[in-house]
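Asks: Protein sequences appear in the order of chains Z and P.
No gaps in the numbering here: position 404 of the first sequence is 404 in the UniProt record's numbering, and each next residue is one more.
No gaps in the numbering here: position 94 of the second sequence is 94 in the UniProt record's numbering, and each next residue is one more.
The set of hints was computed from the structure by calculation and includes no laboratory data.
Built from N, CA and C at the ideal position, the CB exists for glycine as well.
Treat the hints with care, since some could be wrong.
From chain P, some residues computed to sit far from chain Z (all C-beta separations above 12 Å) [stated by the list, open to error]:
1) K48
2) K87
3) P315
4) A325
5) F327
6) F340
7) K364
8) D398
In silico negatives: residues of chain Z with every beta carbon more than 10 Å from chain P [unchecked claim]:
9) I267
10) I321
11) Y537
12) D641
Restricting the straight-line Cα-Cα distance to at most 20 Å, the calculated cross-link-like pairs of lysine to aspartate or glutamate (EDC-like) are [as the list claims (entries may be wrong)]:
13) Z:K622 - Z:D601
14) Z:K719 - Z:D595
15) P:K393 - P:E229
16) P:K324 - Z:E704
17) P:K393 - Z:E75
18) Z:K719 - P:E141
19) P:K95 - P:D105
20) P:K409 - P:E359
21) Z:K698 - Z:E590
22) P:K254 - Z:E700
23) P:K42 - P:E215
24) Z:K25 - P:E359
25) P:K376 - P:E229
26) Z:K698 - P:E261
27) Z:K698 - Z:E673
28) Z:K695 - Z:E590
29) P:K165 - P:E215
30) Z:K719 - Z:E703
31) P:K368 - P:E312
32) P:K324 - Z:D546
33) P:K42 - P:D456
34) P:K376 - P:D410
35) Z:K201 - Z:D398
36) P:K324 - P:D201
37) P:K254 - Z:E704
38) Z:K622 - Z:E677
39) P:K254 - Z:E703
40) Z:K695 - P:E261
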Amino acid sequence: MAAKKASPDLLNSSFSFKSLKLKTKQQELLLRVSILGLVYVLAFIARLFSVLRYESMIHEFDPYFNYRTTLFLTEKGFYEFWNWFDSESWYPLGRIIGGTLYPGLMVTAALIYWTLRFLRFFVHIREVCVLTAPFFASNTTLVAYFFGKEIWDTGAGLVAAALIAICPGYISRSVAGSYDNEAVAIFALLLTFYLFVKAVKTGSLSWALGSAFGYFYMVSAWGGYVFIINLVPLYVLVLLITGRYSMRLYVAYNCMYILGMLLAMQIRFVGFQHVQSGEHMAAMGVFLLMQVFYFLDWVKHQLNDTKLFQTFLRITVTSAILVGGIALGVGTASGYISPWTGRFYSLLDPTYAKDHIPIIASVSEHQPTAWSSFMFDYHILLFLFPAGLYFCFKRLSDATIFIVMYGLTSLYFAGVMVRLILVATPAVCLISAIAVSATVKNLTSLLRTKQKVPQTGSTKGVGSSKSSSKVTLDQSQPFHKNGAIALLVGVFYLLSRYAIHCTWVTSEAYSSPSIVLAARGAHGNRIIFDDYREAYYWLRQNTPTDAKVMSWWDYGYQITAMGNRTVIVDNNTWNNTHIATVGRAMSSYEDEAYDIMRSLDVNYVLVVFGGVTGYSSDDINKFLWMVRIGGGVYPVIKEPDYLVNGEFRVDKGASPKMLNCLMYKLCYYRFGELVTEYGKPTGYDRARGVEIGNKDIKLEHLEEAYTTSNWIVRVYRVKPPTNML
Amino acid sequence: MAARNWIFAVAVFLSLSTFSSAQDLQIVNAERRIDLSSHIVKAFLTLKVENIGKDPAADMLLAFPPTQIKNLAMVQALAVMGKKKKKNYLPLDVKPSEQPDAPNDAGYFLVSFATPLGPGETVTLEVLYILTHSLEPFPVEITQSESQLVYYRDSAVVLSPYRIKQQTTFFKTPSTRVESFTSVEPANRAGKEIKYGAYEDRVPYSYAPVIVHFENNSPFAVVEELVREIEISHWGSLQITENYRLTHGGARHKGVFSRVEYQSRRSISGSSSFNALLAVLPPRVNSVYYRDDIGNISTSHLRTGFKKSELEFEPRYPLFGGWKATFIIGYRVPLEDYLFEAPDGRRYLNFTFGCPLVETIVNKLTLKVVLPEGSKDPSAVLPFAVNQDLQVKYSYLDIVGRTVVVLQKDNVVPTHNVPFQVYYTFKPIYMLAEPLMLVSAFFFVFVTSLAYVHIDLNIVKK
């Protein structure tokens, strides 16, 4: 918010600070540093709503895995962490943690933790993890400032820093407690881009090296690095096509690509993908193209004959493309280069996942983005973005081309998947900042020339050459000044609305930990449903330490982190068959499911049920995905069996298979005896608003082990087989 | 204990020659009231002791069977002085005592009289002893709808190295439901009370094992381990952190836990389980928190008062037999209420020992007093024996670490909640160490940045 006043303050500073003995340059520096400092603090504290509303805790699902691994890292050290075989998840398969995760986040948090301990601040690792995301968000504002400064000017940099500090699109993934890869990855992403743009601008090896290290950090932190390794070559290609090839570009890209690739190979999860996977081939191709370009340049320099060069050019380009094409073809055919993954396809073709990979489509954050959520996450930036593009095109340079490409491509991906709004946010903020900064600057320079002309003859300050041209304009248009004032007021009004909107969204929508549910009671008091932790803690304390818990994969990470028990499947959805087996067990009849559970050594089954509280994201509402994923691998499970005329229902009209499958039984066991709402019959499901169809549920192979106080989590014990004697 | 022994009164004789005082004293009248209403068994023993020897007796022995001696949490004795109207009580010194020829591993406590008991004189003693883990659930496992039945094993007559002329024993049960009790004539039951006796003239070491089988649904809250850490900050507060490992020590829960029964038929379902606990905290307590390994627990309620504060809280789930819960309670109290300066210039902390939870047994209590950095010569003063140790702890901005006085005691009951003192010497100048460190760190940062701005590191002059 502070930075909104930035630009006018900067311009007015020469008047207001005249009494102080500071040079204009020093005043400007002081202002800039203090504004940045304020933005830095603001970015941090805006993300603390969740800590104030709830407590200092880890949110959602994936962060619990990250927290658990960080805990392991700080307790056992790096080598143990790197070689960790986790037998507590994916029973009986287990998971090689060191080789299947991006360690950047955990290592970062552990380093912060060790540093603090070294400085004699004995904090708990949980606090470090909770505050990692806000801390990196603050750092991102600094990078945004330098980036803005690089592509436009310091004013744009300050505005960009302020915009990104509170932009909901970014806050949604970086509030205190959302300890996820994205928390550090956006910082790394922006840093890499900034350093690369800087390298292209200066042609300096050191900046290119910096960007290679930024890329390395990004690769270590998040799978979204694929975006960098495709956007950068694309950018280079565009520069080549538009005839902006230069030695600076050659140095920057080659250094960044080669070093970045070698560094990235050090991450075990990524390994040799840079030379073996189809998704990384664009970068390789552009790298080769770059060499061809350089070679041609050199030949052109050597040959003075244009005609000869034209022939040579034709031959070289054709053969280069031919060789490249053959290499790619042979690589793909021989299986050395792996084809594109389903996730990559689903980005290019939004309908792909829906038809082919139900497990990706089942995640709500992988859905195509609705217009409303764009508005929700960007607010005025949505309108400022095109304006910013206009300014960028007006002053085209290597840097602005980059930000335009970054903005347009990431905005496309944001349209494909909700969660990728996050990637687009920095670009949108930067481009919008250009729009704001340029507009405000033009308007204020208009105002200032008018004031100055009658006062003094000597004009000093910003844009003195511009002002002289504007003087003539002003004389011809008497309402110009008023118009400019009105426009300025309008801009500030919009920006203040943005600030209000961001604060509101942050506090209302993005600061809920989702592990603790809060509702308003009849008298306006706050009611807390802490059922998840109740159940997980019960599991942790009152079940055998080697018990295996079966649940839908959403809760896997939480059960291992909070319940400290072995799970069958978890949120790292690497084995579709295993998940399908669980889906099949949940959608089978009890005795069929019992055989599956026996074969998986399951001791406890955990289901999430919202029928008493009206909590809608429970297992019954997720059930069709279990059927679909289960049916995808085991054709015995057929989706139409659970539907009536294509409709999913749980009341009397539900299909018999639905009424007797394991999930239905476990959710509604003895629910038929309960009166949930005054004036409704017993067994009234508040989440779906119907009276359930099967009130007399008998369990044969399972027994109720624990049900939380609001029935949200129900745990069942799998009985041992009955003795035959 | 084998059931066939129930009704046999076993009298154990031994050579009386080894006990010089034993033959000189006799107990004219003994009355014992054993309160079985909670899982902490309290026994009140009134003894009228007479010296029948020729020499004055300075002390007397209390004997306990070996099954009780390991569960004995505390023995206190008072001498009753004066007549009925102007009765006053004088606490006597009681300490455990080893006797070389103890029959059947009986354990002893030695009570020292305030003034030696002259020949022919009598004195009345009030003895209180507390037993833990002495109620044995039977059946061992119960379902949610059953109530909890327990065995209590004791002797119908008071075990004593002295001859007892006349004695009676009363058992008070929590409810009228008594399944059975061993009959040692004369014995009878009225309401919640079972009376054994009066028995006349029993020889030393008379023993008559009895078993009472009765219903006890009181919360069997057993803290398996409690670590209390009291951190003294001379900046004005005591920070207390208590780590609990609580378990339900009663009959184990078996089979299903049905929420629908638990919430709709509360009176008959899970009657031996408990989900509400009460902790008595000091007055003027502030910044109270209640959490566990995975975060805050929202079910707690604090009432502050002038004499004490009460924290009512619930574990995340109700505790049935055998279920466990761990949690942490932390709070802060003002320093001036608990830290004083002794006349010799040393400082001392005066705080309450024991466990703040009411009606709970603590199997192992570790109390850590973290002294401020730079304090020396710590010493602890307690009214009973505990294991003492010294440790070093590092906290915020510590360099040499803080001295920690560790006091450790097993089998702690609410009666142990008595004040104790920890003395140490401390120079107030050490209080400034941490602020000065911070100030110098910031100063250093600013000086470095100042230097950085002014130093030109370029090789080539621009």
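Asks: Indicate, hint by hint, whether the structure satisfies it.
Replies: Here's how the hints hold up against the structure:
1. K48: holds (50 Å)
2. K87: K87 (chain P) is indeed farther than 12 Å from all Cβ atoms of chain Z, at 49 Å.
3. P315: violated (9 Å)
4. A325: violated (6 Å)
5. F327: violated (9 Å)
6. F340: holds (29 Å)
7. K364: holds (18 Å)
8. D398: violated (6 Å)
9. I267: holds (30 Å)
10. I321: holds (46 Å)
11. Y537: violated (5 Å)
12. D641: Consistent with the label, D641 (chain Z) stays out of reach of chain P, its closest Cβ about 29 Å off (over 10 Å).
13. Z:K622 - Z:D601: violated (24 Å)
14. Z:K719 - Z:D595: holds (12 Å)
15. P:K393 - P:E229: holds (11 Å)
16. P:K324 - Z:E704: holds (18 Å)
17. P:K393 - Z:E75: Cα-Cα ~18 Å, so holds.
18. Z:K719 - P:E141: holds (18 Å)
19. P:K95 - P:D105: Satisfied, since the Cα-Cα distance of roughly 17 Å is no more than 20 Å.
20. P:K409 - P:E359: Holds, at roughly 17 Å.
21. Z:K698 - Z:E590: holds (10 Å)
22. P:K254 - Z:E700: Since the Cα atoms of K254 (chain P) and E700 (chain Z) sit roughly 17 Å apart, the hinted pair holds (cutoff 20 Å).
23. P:K42 - P:E215: holds (17 Å)
24. Z:K25 - P:E359: Status violated; Cα separation ~72 Å.
25. P:K376 - P:E229: Status holds; Cα separation ~19 Å.
26. Z:K698 - P:E261: Distance of about 16 Å is within 20 Å: holds.
27. Z:K698 - Z:E673: holds (13 Å)
28. Z:K695 - Z:E590: holds (16 Å)
29. P:K165 - P:E215: Given pair K165 (chain P), E215 (chain P) is violated - Cα atoms ~33 Å apart, limit 20 Å.
30. Z:K719 - Z:E703: Satisfied, since the Cα-Cα distance of roughly 7 Å is no more than 20 Å.
31. P:K368 - P:E312: violated (24 Å)
32. P:K324 - Z:D546: holds (17 Å)
33. P:K42 - P:D456: violated (82 Å)
34. P:K376 - P:D410: violated (27 Å)
35. Z:K201 - Z:D398: holds (7 Å)
36. P:K324 - P:D201: Cα-Cα ~48 Å, so violated.
37. P:K254 - Z:E704: holds (11 Å)
38. Z:K622 - Z:E677: Violated, at about 24 Å.
39. P:K254 - Z:E703: holds (11 Å)
40. Z:K695 - P:E261: holds (16 Å)
Checked against the numbered hints above, the structure breaks hints 3, 4, 5, 8, 11, 13, 24, 29, 31, 33, 34, 36, 38 and satisfies the rest.
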